[in-house]
Every structure is written in C-alpha cells, then in structure tokens.
Amino acid sequence: MADQPLIVARGLVKRFGDFTAVDGIDLEVARGEAFGFLGPNGAGKSSTMRMIGCVSVPTAGELRILGMDAVRDGPRIRARLGVCPQLDNLDPDLTVRENLVTYARYFGLSRAESRRRADELLDFVQLSDRANGKVEPLSGGMKRRLTIARAMVNEPDLVLLDEPTTGLDPQARHLLWERLFRLKQQGVTLVLTTHYMDEAEQLCDRLVVMDGGRIVAEGSPRSLIETYSTAEVVELRFPDGLEGIAGHAAALAGVGKRVDPLPDRVLVYVDDGDAALAEVQRRGLAPSSVLVRRSTLEDVFLHLTGRTLVD
Amino acid sequence: MALTRSAHPTFAVLERHLTLYRRVWQASVFSSFVMPVLFLLSIGIGVGGYVGSVQGVDYLSWIVPGVLASTAFQIAVGESTYAVLADFKWVRAYHAMRATPVGMADMVRGHLLYLVFRVTATVVVFLVVVVFFGGLHSPWAPVTVLVCALVTVAVAAPVAAFSASIDHDSYFALLFRLIVLPAALFSGVFFPVGQLVVGLRLLAYASPLWHAVELCRAATLGRAPAWPVWAHAGYLLVWAVAGFVLAVRAFRGRLED
Numbered sequence: 001m002a003d004q005p006l007i008v009a010r011g012l013v014k015r016f017g018d019f020t021a022v023d024g025i026d027l028e029v030a031r032g033e034a035f036g037f038l039g040p041n042g043a044g045k046s047s048t049m050r051m052i053g054c055v056s057v058p059t060a061g062e063l064r065i066l067g068m069d070a071v072r073d074g075p076r077i078r079a080r081l082g083v084c085p086q087l088d089n090l091d092p093d094l095t096v097r098e099n100l101v102t103y104a105r106y107f108g109l110s111r112a113e114s115r116r117r118a119d120e121l122l123d124f125v126q127l128s129d130r131a132n133g134k135v136e137p138l139s140g141g142m143k144r145r146l147t148i149a150r151a152m153v154n155e156p157d158l159v160l161l162d163e164p165t166t167g168l169d170p171q172a173r174h175l176l177w178e179r180l181f182r183l184k185q186q187g188v189t190l191v192l193t194t195h196y197m198d199e200a201e202q203l204c205d206r207l208v209v210m211d212g213g214r215i216v217a218e219g220s221p222r223s224l225i226e227t228y229s230t231a232e233v234v235e236l237r238f239p240d241g242l243e244g245i246a247g248h249a250a251a252l253a254g255v256g257k258r259v260d261p262l263p264d265r266v267l268v269y270v271d272d273g274d275a276a277l278a279e280v281q282r283r284g285l286a287p288s289s290v291l292v293r294r295s296t297l298e299d300v301f302l303h304l305t306g307r308t309l310v311d
Numbered sequence: 001m002a003l004t005r006s007a008h009p010t011f012a013v014l015e016r017h018l019t020l021y022r023r024v025w026q027a028s029v030f031s032s033f034v035m036p037v038l039f040l041l042s043i044g045i046g047v048g049g050y051v052g053s054v055q056g057v058d059y060l061s062w063i064v065p066g067v068l069a070s071t072a073f074q075i076a077v078g079e080s081t082y083a084v085l086a087d088f089k090w091v092r093a094y095h096a097m098r099a100t101p102v103g104m105a106d107m108v109r110g111h112l113l114y115l116v117f118r119v120t121a122t123v124v125v126f127l128v129v130v131v132f133f134g135g136l137h138s139p140w141a142p143v144t145v146l147v148c149a150l151v152t153v154a155v156a157a158p159v160a161a162f163s164a165s166i167d168h169d170s171y172f173a174l175l176f177r178l179i180v181l182p183a184a185l186f187s188g189v190f191f192p193v194g195q196l197v198v199g200l201r202l203l204a205y206a207s208p209l210w211h212a213v214e215l216c217r218a219a220t221l222g223r224a225p226a227w228p229v230w231a232h233a234g235y236l237l238v239w240a241v242a243g244f245v246l247a248v249r250a251f252r253g254r255l256e257d
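Heads up: the sequence lines are chains B and U, in that order. Count the first sequence with our numbering and you get residues 1 to 311, in order. Count the second sequence with our numbering and you get residues 1 to 257, in order.
Honestly, the hints are just simulated from the structure, not real lab data. Treat the hints with care, since some could be wrong.
To be verified - Lysine to any residue pairs mimicking SDA-like chemistry, simulated, CA-CA at most 20 Å apart:
1) B/K257 to U/R92
2) U/K89 to B/P92
3) B/K134 to U/R22
4) U/K89 to B/V135
5) B/K134 to U/A86
6) B/K184 to B/V55
7) B/K257 to B/I245
8) B/K134 to U/R252
9) B/K134 to U/W25
10) B/K184 to B/Y228
11) U/K89 to B/D88
12) B/K257 to B/Y228
13) U/K89 to B/V55
14) B/K184 to U/Q26
15) B/K134 to U/A27
16) B/K134 to U/R249
17) U/K89 to U/R249
18) B/K257 to B/D274
19) U/K89 to U/R252
20) B/K134 to U/R23
21) U/K89 to B/D93
22) U/K89 to B/L87
23) B/K134 to U/Q26
24) B/K134 to U/V91
25) B/K257 to B/A278
26) B/K257 to B/P239
27) B/K134 to U/T19
Predicted, not measured: the structure shown is a model, and the values here were computed from it.
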C-alpha cells in the first residue's frame, strides 16, 4: 500500500463537446513527491487537475487516486485531498478563522478539533493576527495563504494546487514557496500546475510538460534541461538590429547544437559557452552584446511548446 | 447549534449558513419579525375596521394565518434566489464544498434546513405577538409551525433549483413578477379565493401558498380546511419532494462536468 502510487492515470481523456481538453495522458505520482504540470494556457493542466480532484468526470481512460477509483469513490477520495483552486472561493463574509473552521466541518471534524487545526494552520501561514478579521480586505497573497491553510485542514494525503502563485507579487510568491517547501519536507505529496518556470524548478521533483492536451515531456527539471536543451545558452545581439538576424543566424550555424533566431537576438544552445564565444570571434562575427547563461526550464518549455502566443 | 460532535455533511452546510446568519441577523430582524407584525396591524386592524368580519370571524383573526404562511413563503423565495446564485457565481461557496466530501444533496438539504430554521424562528415570534391581539382561536394553532416549515421546503427547493440553473440575476425579475407576486396576491391571504373568477381560482389551487394558508387557517380558527388535510399536505409534499430532486439535479448540472 505504502509503495503504491498515489495517482495513476491511464489513457485519461476529457472532452467538452467537440473540444478535447485532455487527449489521452498517462502518469503516476508517488507518495511524498512534488509533481508539476507545466504548460501554456489551454494545455489541459486545469482539466487534468479537476479530474484528479474528483470534481470532473473523465470522458475516457482510467484514473485511480489513493488506490481508489476517481469516478466511483469521489467522496472518499475528496475526504483525503486538499485543494487550492485557481479562483479563490473563500467566504468573504466570514472571518479568517471561521473560513477554516467551517471548511473543517465539511470533513466531519468535531468543533474542538476544527478550531484547534484552524489556529495551528493560521500560525503556519502567518495569519494568526488576522484570525478574527474579515477575508475581504486581505491581500492576494494572504488570501492564497489562507486557501492553502484551508486545503490542509483535513491533514490531506495529497494537496492539489492550481497555479498557486499566479497574480502574486514577488514577496508573496517567495513566502508561499517557502511554506509549500515546508509541506513537502513534512512528506506531503504536492501536485501543482504552473506556467512559471522558476516555480517549477523551485518546487517540483518531477514534472510533465503539457501541450494541446498531451504530455510532451516528463522528468526532473534537471533531466528535462539535459534532454531538451544544452548546458549553456549564448545570447547574441547585433548592431544592425532587426534586419540582419537571419544572416547572423546562418553565419552561426554549427557553433552550437541549435541556433534559435528571435526577432531581436540569436540564441545559440551550446555545451560550453566560452568555447562557443571563441568560435564566434574566429568566424569574425561582431555582436554588440553577449550573454552566456545556464539553460533553464524556460528554454525547454519554449523548445517543446513553441513560441507562438496562446491566448 | 452543536448537533453532533463530528458533523454530518448536511449539518456542516447548515452550520455555514448559520455562521453567516449570525453576522447579519440584526439586518433581517425588521423584514422577518417586525414587518409581518406591522403588516398585520395595518391591514388587520386598519382595513379590518372597514371590512368587519370574513367567514364569521373578525378580519384580523382571518388574515393572521394568511400572513403567517405568506411570511414563510417570502423568506423561502427571498433566501433561495440571489443568495443561491451568489454562492455559485460570485462567492463560489458551492465550488469550495464540492472539493470536500459534501455532496449535492447535502448542499440542498443544508440550505433547506437553514430556511426552516429561519422561518420557524419568525413564525414562533409572530404567534406569540398574535396571542396578545387575540388572533388565535384554537389549540391547534402551534401546528402552523409545521405547515410553515413544509411550505418553506415546498417553495424554497424549486426556487433554489431555478437559481442554480440560471446564469444572470435578471431572470429573478421574471420569477418575482410572473410567479411570486401573483401567488402572494391570489392565494387566499387577504380574501377568500371564492371571490376570484374560476380561472384565477385554479391558479390559486395550483399555488403551494394557498394550500399552506388553508392549513394554517384551519389550525388557528379551529375549523376544517377547503380540502381534506391530507390533500393539502400531500400537495405541499409533492412540491417539496419534486423541488428537492430538481434542486439536486440543478446543483449537479452546475458543479459537475
């Protein structure tokens, strides 16, 4: 039982009318793992999360969560999940503490236990001083922390976070990441969706990249970078601005493993940045600015899902 | 309020409504408790002075049961429209519940129990006030509490189903104009439905409010209602059960994809 994956999906499909949001995905999430769904808007991340949360019925395929069937055992599974939805649904007319106590009661906890956990969790998300205040005046970051506290009220085996830090300022994001990291250290299994690469690198042990309802890559952040990108990236800008890019890109052919001309600069994917720069000089190219940086998940992401804007 | 140590999901939903109500109950005192009494005094004593007696009793005593049932009707409808739509559309409280073991039937039952609580509190206060005006004429009068609870469910359940099915609050104007207002006027609250032309009388018979008014009037005046008691009660029960089924279906339609 302990070694059984917490989530097993086989050929999971979700259709809304003619639109296929999730197009046959397979995945497994182990206990204690921090697992991420990465992808552009409309990739099918939230639809997948809603099926895992047992609030959306799969159109086809098999989905087992905590060893139970997601369709048949919905209430029993939900009793052991913590959910932090993309849209806040806190009760604005209740106090901060009442939001937690009320929610704890939905899980059948006694009043005393509900209050005890509420106070403990308010402390954990640093909202104790707001306990008796209303929810309405809280900042976005505070509301999100309260929603995460609410998701923890039933001591869940599995916590689902749908874009946990979207719309938050950097301070709020970092505080939230730090709290989520602590949960992870306590052994809580986290499943999250994000389109922030830094968030995925910070929090996820393993992730899948989704695009168009399918999983296009899977692995740890490090292994994804190794597989789909190079160790380093050289970014070159040229004095003649936008017109000459295609020519410069052609002249750079063979310097690295891949050359990616952007409207304003050329990216060269290489294993050794300094060696590549020497080669650029040897070829007599004269870029106006040069930046050598490590490859990031963002390079993987853009490589896999393309640079076309998805609205 | 503490019903069980570890809450059944239905009672957990009820508790949420009560917690919210505790913050705003002062605001509802006027509409729930003072309004019906003022209403009774102005119509019952004011209009009653001109009308004299109706069906053998003074007008005040005659409209007391009507105002009782009508108050239950108003609370049931009023609290099942914007409040329900808001918990789907803006507050998303039902979406929050959906992520927990709380089921659709629990959500509907919790809502209905809350309204039964609200109506019962109002009806009891109203009855106590009316005793001092000599408006109750039968030891059966306390049965009105049960009748009002029944009409509350019979009306609140289908209205909640309606509110859960619509996407915009402008539909409520239709509900109020085409159904609620005519029902309030032509259900035998202020005058016997026998005064109505046959077409309108049939509408009165269709209205759950008329059946509740008949039962309440029978209870406070100690006389037989227009139809057998089981027929009135049965009709209300059919509305309650059908409304409940429709409401659960509407909640499911809204929350499940």
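We went through each hint and held it up to the structure:
{"no.": "1", "hint": "B/K257 to U/R92", "verdict": "violated, 50 Å"}
{"no.": "2", "hint": "U/K89 to B/P92", "verdict": "holds, 13 Å"}
{"no.": "3", "hint": "B/K134 to U/R22", "verdict": "holds, 14 Å"}
{"no.": "4", "hint": "U/K89 to B/V135", "verdict": "holds, 18 Å"}
{"no.": "5", "hint": "B/K134 to U/A86", "verdict": "holds, 18 Å"}
{"no.": "6", "hint": "B/K184 to B/V55", "verdict": "violated, 24 Å"}
{"no.": "7", "hint": "B/K257 to B/I245", "verdict": "holds, 18 Å"}
{"no.": "8", "hint": "B/K134 to U/R252", "verdict": "violated, 30 Å"}
{"no.": "9", "hint": "B/K134 to U/W25", "verdict": "holds, 17 Å"}
{"no.": "10", "hint": "B/K184 to B/Y228", "verdict": "violated, 27 Å"}
{"no.": "11", "hint": "U/K89 to B/D88", "verdict": "holds, 12 Å"}
{"no.": "12", "hint": "B/K257 to B/Y228", "verdict": "holds, 11 Å"}
{"no.": "13", "hint": "U/K89 to B/V55", "verdict": "holds, 17 Å"}
{"no.": "14", "hint": "B/K184 to U/Q26", "verdict": "violated, 45 Å"}
{"no.": "15", "hint": "B/K134 to U/A27", "verdict": "holds, 18 Å"}
{"no.": "16", "hint": "B/K134 to U/R249", "verdict": "violated, 33 Å"}
{"no.": "17", "hint": "U/K89 to U/R249", "verdict": "holds, 17 Å"}
{"no.": "18", "hint": "B/K257 to B/D274", "verdict": "holds, 14 Å"}
{"no.": "19", "hint": "U/K89 to U/R252", "verdict": "holds, 15 Å"}
{"no.": "20", "hint": "B/K134 to U/R23", "verdict": "holds, 11 Å"}
{"no.": "21", "hint": "U/K89 to B/D93", "verdict": "holds, 15 Å"}
{"no.": "22", "hint": "U/K89 to B/L87", "verdict": "holds, 11 Å"}
{"no.": "23", "hint": "B/K134 to U/Q26", "verdict": "holds, 18 Å"}
{"no.": "24", "hint": "B/K134 to U/V91", "verdict": "holds, 14 Å"}
{"no.": "25", "hint": "B/K257 to B/A278", "verdict": "holds, 16 Å"}
{"no.": "26", "hint": "B/K257 to B/P239", "verdict": "violated, 24 Å"}
{"no.": "27", "hint": "B/K134 to U/T19", "verdict": "holds, 13 Å"}
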